Every structure is written in C-alpha cells, then in structure tokens.
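Chain order of the listed sequences is A and B.
Quick note: the first sequence, position 286, residue 274 per the working numbering, numbers continuous.
Quick note: the second sequence, position 276, residue 264 per the working numbering, numbers continuous.
The hints are simulated quantities; they were obtained by calculation from the structure and are not laboratory data.
Nothing here was measured: the structure is a model prediction, and the numbers come from that model.
Where hints are given, some of them may not hold.
Remember, identical chains collapse to one label, so a pair may be satisfied in a single copy or spanning two.
Dumping the calculated DSS-like pairs for lysine-lysine here, alpha-carbon to alpha-carbon at most 27 Å [unchecked claim]:
| id | residue 1 | residue 2 |
| --- | --- | --- |
| 1 | K65 | K52 |
| 2 | K74 | K52 |
| 3 | K181 | K134 |
| 4 | K67 | K214 |
| 5 | K322 | K181 |
| 6 | K303 | K74 |
| 7 | K67 | K52 |
| 8 | K158 | K52 |
| 9 | K65 | K358 |
| 10 | K134 | K325 |
| 11 | K74 | K214 |
| 12 | K267 | K390 |
| 13 | K134 | K303 |
| 14 | K403 | K303 |
| 15 | K334 | K267 |
| 16 | K65 | K267 |
| 17 | K272 | K390 |
| 18 | K134 | K65 |
| 19 | K194 | K65 |
Number of protein chains: 2
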Amino acid sequence: MNTFGTLLSKQMPSRFVTISLMSEQAHRRRFLQLSALLTAATSCSTNNTGRDPAEDDGPGQLGKAVSAYGDRSPFEKAKRLTPDVKNPQVASSRTPLADIYGIITPNSLHFERHHSGVPSIDPAQHRLMIHGMVDRPLMLTVADIKRLPSTSRVHFVECSGNSGSEWSAKGAPDVMRAHGLASCCEWTGVSLKLLLEEAGLKREAKWLVAEGADACKMSRSVPLTKALDDAMIVYAQNGEAIRPEQGYPLRLLVPGWEGNINVKWLRRIKVTDTAYYTKDETSKYTELMPDGKSWLFTWPMDAKSFVTYPSGGQKLAGAGQYEITGLAWSGRGKITKVEVSVDGGKTWQTANLQEPVFSKAFTRFRLPWKWDGTDVTITSRATDETGYVQPSRDELVASRGKNSNYHNNATKPWKIAADGSVTNA
Amino acid sequence: MNTFGTLLSKQMPSRFVTISLMSEQAHRRRFLQLSALLTAATSCSTNNTGRDPAEDDGPGQLGKAVSAYGDRSPFEKAKRLTPDVKNPQVASSRTPLADIYGIITPNSLHFERHHSGVPSIDPAQHRLMIHGMVDRPLMLTVADIKRLPSTSRVHFVECSGNSGSEWSAKGAPDVMRAHGLASCCEWTGVSLKLLLEEAGLKREAKWLVAEGADACKMSRSVPLTKALDDAMIVYAQNGEAIRPEQGYPLRLLVPGWEGNINVKWLRRIKVTDTAYYTKDETSKYTELMPDGKSWLFTWPMDAKSFVTYPSGGQKLAGAGQYEITGLAWSGRGKITKVEVSVDGGKTWQTANLQEPVFSKAFTRFRLPWKWDGTDVTITSRATDETGYVQPSRDELVASRGKNSNYHNNATKPWKIAADGSVTNA
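So here's chain A without its partners, still in its complex pose (with noise of 0.2 Å):
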C-alpha cells in the first residue's frame, strides 16, 4: 500500500477547501468537534469508563422505524438512462455502470430491451410447453420448473447493439451511453438440458425454437450444441424473483450469447431440426460486412472491456493519487488479463482482477494510479481465456468494416484533460 501512503494527506487541502466553503459557522463548529474529538482521544486512551464528551454531539432523535420492504437513500440519484421516443414500450434503457460497485448489478438497474413492452404475468397462469421434436412433450407451471434441481450462476447478459455508439469515429460521452445496455446478476434456474432430457429429444433434433408471451412473441432459434450445454431458465436474479423487464416468471438464459437470443416472458420452446430464421435473426441482430453480405448467427459476445473511473461525465479534483477501475467480460469464457494504458496506447500495464473471476461474467479490474495533473489518455484491453485480445476501433473496422450496428467490442479511450475533466477521446 505505499503506492497510496501519501494519499490521505494529499486529500487534506481538497477537504479542506471544502470546509472553507462551508458558513463561517458551520466551519467554526467543525474546527470545535475536531478538537473536541481529540481532547477526548488523549484522555480516554487512559481510560476505559466509556463514552466520550465528543459522543454527546450530532444526531440526537430516533430514526425510522424497520420496514418489510427497504428502499435506498433518496440522496441516491443513479437511474436507467430512458429515452425519448415515441414508443417507450419498444426500447431499451441503460445501465449507469459508472455509478455501480462490484459485479453485481442491482435489479432495479439491469438494463432493458422490449421489442413490445414489459407484459404483465400472473405466474400461477403462465405454462412453459416444450414440444415438437420431443417423445414427450411437456406442458409446466412456474412450480413444476422450481421443483426441478436448481443451480444458481453469475452472468452477464449484453445487447448485441450495445456499444453501436462506438462504430463512429465521435463515440458516445460517457460509459452508459456507450456501453449500458449489459449488466451482470446471479441467476438461479433449471438447466435447459435436464428438460430437454425429460422431453425426450429425437434423433433428428438440431435446433429449439425459444418464443416469449411477449405481444410480438419474440422468438429465436438456439442450436441444440449450445442449449445442451450451459443454458438454464431461469426464475430468479440476485436472490429474488426476475423483474418483469427481465421476463418475470420464466426467461432462457444462454450465457454469453447476444442478449436478445435469451428470450424473456418465455413460453414456449420447440424441437426443431432447423433454424426457423425469425425476424430477429434475420432482419436484425446480424452484421452486414463491407461486401454487402451478412454474418447471421453472430451468437458469442467477444471479450470487451472499457474504465468506469475515470470515465467521461467525472472530475478529477486535481492531480494525485487514484485507483482506476472498470469492468470486462467474454461471451466466451472467463477474463485472464486486462490490461490499462495511461499514455494512449504507447505502454500497458496489467491491472488487478477482483476474486472470483466467473466464466461469462463481469469481472471488476483496478489498478492504483497517480495523475500529475497533465493531459492524458487512458483506456483498457482485455484478453479472455481463448487468448482473444480486444481490438481498437480502427482493428475492428478493418476487420468489419462500419455498417454493422451489432458487436461492437473496441477499446475506449478517455481524454483527461488537466482541468480534470474527462472526455471521450
């Protein structure tokens, strides 16, 4: 910790312009408590009688009362960013990950995508079917699936289109514009493969088609491969039922894959031995490369990784000690190294992941830094356990050219400058 043994005295002039900011009064009254404090710490160090002179200061009534159901502070501001359209029930809002901890999102801020608003379900009412090709097919409540062996697992789940911003040379202001349309949560469920082993899946089975009670029915097609493997459905995020815009009671998760493949509101699942080419597999969520034809099935969400702090939108107070700190992932497995530049991409170094790393999940990376108050710029590359090493912008678009709106997963960069404003460099 020596890298930081200067910081705290450092952070004393900025507090203090703070408190010289305050009234006279307010100022005068805090010098008081300080010495106060103090006076108490030297006799009461010899001493063991208890309570302090100092403890007879600041609040002095009860608070609130215990509740069934707690909110947060109301001096927390932190929200979905909403857009203005005509349509809010077609949408998606984003998640401030700037102004989130950890690797948890919290439930209330997981980011939204409806392609016709949230539906409101009664769980007793709602039946998942599982059919087609299948020896059995099954009709199940949401109690039928909770009385299945359950597993719980991190995830994040991302919006192919999240990042679109960045496919432009101007890029997006801050991180949630750019890159808030993921978010990360225990999900607890039942894994898809034990179902599909109970329905019986026939030989010539290949493919499911995954629909959701949604009004547009979204549906996509899953190969059997991937549904075998690690998807689940799920019914609770963070240790509480999933929100309705996460697809209260039932949704499919299938981990790593473009958000929209992970069907919420989901009803129904169907056997099949093809694809079945949905809308949203055909018409959207596929990459139009620079010879005019399409990737389609571009399932996998690439390593990607972006600083959270300092991010665009924030103020340094002035040069010193910091941590900088962010936030990686892969579709593909789990983050091995994340990598921070502080002079533009020139030199690298390798910043500190936080344990436990989760395969396919928000993996939080800091790394101490001390700002001498001159124009920088900083960024973040993060290399997954397939050895995939996130690309600048420029590698990308050379690789895919610029009229993709999906899977965008480049490099940001943030200008400092040495007002300690940060922008989108």
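Starting from the structure of chain A, add chain B where the hints point.
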C-alpha cells in the same frame, strides 16, 4: 439426472388437477391450445417458414414502457417480518430466507436491527474520523474513502440473537422466525488495514472503538488483530450504495463476527490500548453460562445450516421427487460439508454445495430427494474448514445451558406429515 427421470411424469397428475380446477371454458381452451401447438409442431418441424398459427394466441397488446428504476412484480409478496412493537425504531426485521434464491440477499430484504432507528444522513456532510493512538488523526469524507483502493467480497452478516427462539424446546415455526436475522451480500469498500496504516498505529495500540451516527451512538470495541485482518469500511452492497438500514453511507464490516459489531452509519474509529466495555458488549451480547458467569466478546458466528425447502409452513404437493435445499455459513471460514438427514438424524447424506463457496458467506446446499409420502423428519448439519461440526440442540444446551439469548447455531429439524404439511419438529 436419472434420479429425476420420473419427476415430470409424476408432475403430470398434479398439473392436470390444477387444470381441472379451472373453468370448463379455460379447460377446453388449454386443450385446444395444446393440440394446436402439437399440430403446429408436426408441420413446422418439416419447414422453416417461421411463424406458427399457435403464435397468434396469447397477449396481443403492448406492455409497459422502459423505466428509470425498476421494481419487482406485483405478484411477488416476499417481505421482511416486522414486529408489532411500541417502538419499531428499536427493533429488528427478518429476511424471508425460505423465499430467496442462490446466496445473494436482495438489498430490500436484508434483515435490520436498529437500536435507535435509521438516521437520514447526507453523504456530502458525513465524515469518518480516525483518531486516538495514531500518528496522524484523519477526518475523511465519503468521497475521500471512495477514492482509495477498493475491494468487493461476498459475506454474510448475522445478528448474534439470530435463532434465539431455538433455545426453547418449542422452537420457531418457520425459517424466517427461526433464522431470519441473517443476510448475505456482495460488499464493496476499503480495507480497514489500509486506513489504519495511513493514520499510523502507535506502538501501544491494541483495540479500536467504532461508533455509529445513530441516536444511541452504537459503539463496539474491536481488537486490532481482527481489524487488521479482514475488516472493511463498506459503502456499497450488491452493486449499489448500502441501504439506509445497513448504515448508509458507511458501515464497518467485520466478516464472520456477530452483526452488532458491524457498526452502521460509521462516524468514528478511535484507536485505543483497551476495550471500552460499551453497553452493547457488557449489558448485552454476552453469554450467561449455567454457573452464573458470562462469556464476554463471543464474536465469531459458528457454523450453522438449516433446510429452507421443505420447511415450516410449506406444504408438499404429494409423494414424489423433490430437491431439498437450504443455507449454511460459518464465521470461521468456508463451509466444507453439509449433511442432510431425512430420518430424524439416524442417517446422513452429503448434499451438493453450490460453487463457488466463499469464506464467511451464505453457502447454498441441495440434495435430490424422493419422498414416499410417509411422516419424516428432515434436518441438516454443517461442517466448516476448521473441522467444527454444527451441534444438535441437545449438544448445544449441554455445553452452554439455556440462559444465553445469543449464538444459537443448533441444527433445525422439520417434520413432514403424510398430508405434506411441514412443521417445526
């Protein structure tokens, strides 16, 4: 998965019972839908043109719009148990542990224990003072602390009065009433060791006294050996700022030790050469032994486990395949084994532990179980990495008597009657 090979067919009857309870019209609708879907499946399995006739049924109008901060489904009713007392500011509320999933407790359902209510604190005005036997007293803002190197860890917090009901032979009727004063979150904050090193500990320093900003100035003494080991000052839980009930904006986290010492609304840490013997470590939170003497400073919470399904107040649908699941934890490290008995403790089977298993954190255990429909008594027994084995109530009472209100970690048996009803055994 062979164990479950017959589960779903066994489910069929109960499902059709459900359906036969529906209106005759609904009943017919279901079968029409079912046959329609099956027909569709047959035809669609031989073409890939996409949409099924069956896809025309179901909801057909736009659902809810995207929102800035989400809420749970109105169909979800899980809530904390709040007591009907004269002063609900000086009370506790309990987490419905039989209604949560995985190992993360939703912030809104995290248990509460307040000695003078929940203060409303403006984080911009809040300060943490570190003084006493240090070289450099510190007065820190929340912003100062958030600028320091951070870490995230999953840990439980448990009131030492949890399971107090189990000292009586009667015992509590359900999981929430018996064990609901415990919860588990991903906590993010700063290592206390780092802050104490910044302040500079004097040679004679051996303890610290942590003080909260609530009306009663909750204060507890913590030996430096623990403070310098794994204690943290946390400002976030499960990805967002800690909740007011959990100490917003700052809480002392002392992993594995009784909840009361995890001082909330933390405003002051005084480094001393002795414990302070505050109200909450002398008149309360001590263990009265049979010989009339009391144990002082009984900090760690010993290994505990209990079955959450099936548990008191629940009712099984009938004989057949189930998954027994529950929670285990230890304040002394990782849970290494949970055994389940379905014959009142005569024989024990080893349950599956959900990976990853964190130290001093909720650990989810699961065991497939086929119920023959006769009266049975089920219970669980945890072992932690120190080799400690959770005692039965008889063993606990034999060693500690019945005078103590705290630190009850006895095994909890549930009786399942032939009609499927589950009660405290």
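A quick look at each hint next to the structure:
1. K65 x K52: both (20 Å within a copy, 22 Å between copies)
2. K74 x K52: between (41 Å within a copy, 13 Å between copies)
3. K181 x K134: Within one copy, since 15 Å is at most 27 Å while 43 Å is not.
4. K67 x K214: neither (34 Å within a copy, 37 Å between copies)
5. K322 x K181: within (22 Å within a copy, 30 Å between copies)
6. K303 x K74: Answer is neither; intra-copy 34 Å and inter-copy 48 Å both fail.
7. K67 x K52: both (24 Å within a copy, 18 Å between copies)
8. K158 x K52: Neither, since 48 Å and 33 Å both go past 27 Å.
9. K65 x K358: neither (29 Å within a copy, 49 Å between copies)
10. K134 x K325: Classified as between: cross-chain Cα gap 24 Å, same-chain 37 Å, threshold 27 Å.
11. K74 x K214: For K74 and K214, neither the intra-copy (37 Å) nor the inter-copy (57 Å) Cα distance is at most 27 Å.
12. K267 x K390: within (22 Å within a copy, 67 Å between copies)
13. K134 x K303: between (47 Å within a copy, 14 Å between copies)
14. K403 x K303: within (11 Å within a copy, 60 Å between copies)
15. K334 x K267: neither (44 Å within a copy, 59 Å between copies)
16. K65 x K267: neither (37 Å within a copy, 37 Å between copies)
17. K272 x K390: within (16 Å within a copy, 67 Å between copies)
18. K134 x K65: Between copies only: 17 Å across chains, 35 Å inside a chain, cut-off 27 Å.
19. K194 x K65: Intra 47 Å, inter 40 Å, cutoff 27 Å: neither.
Going through the hint list in order, the structure does not satisfy hints 4, 6, 8, 9, 11, 15, 16, 19.
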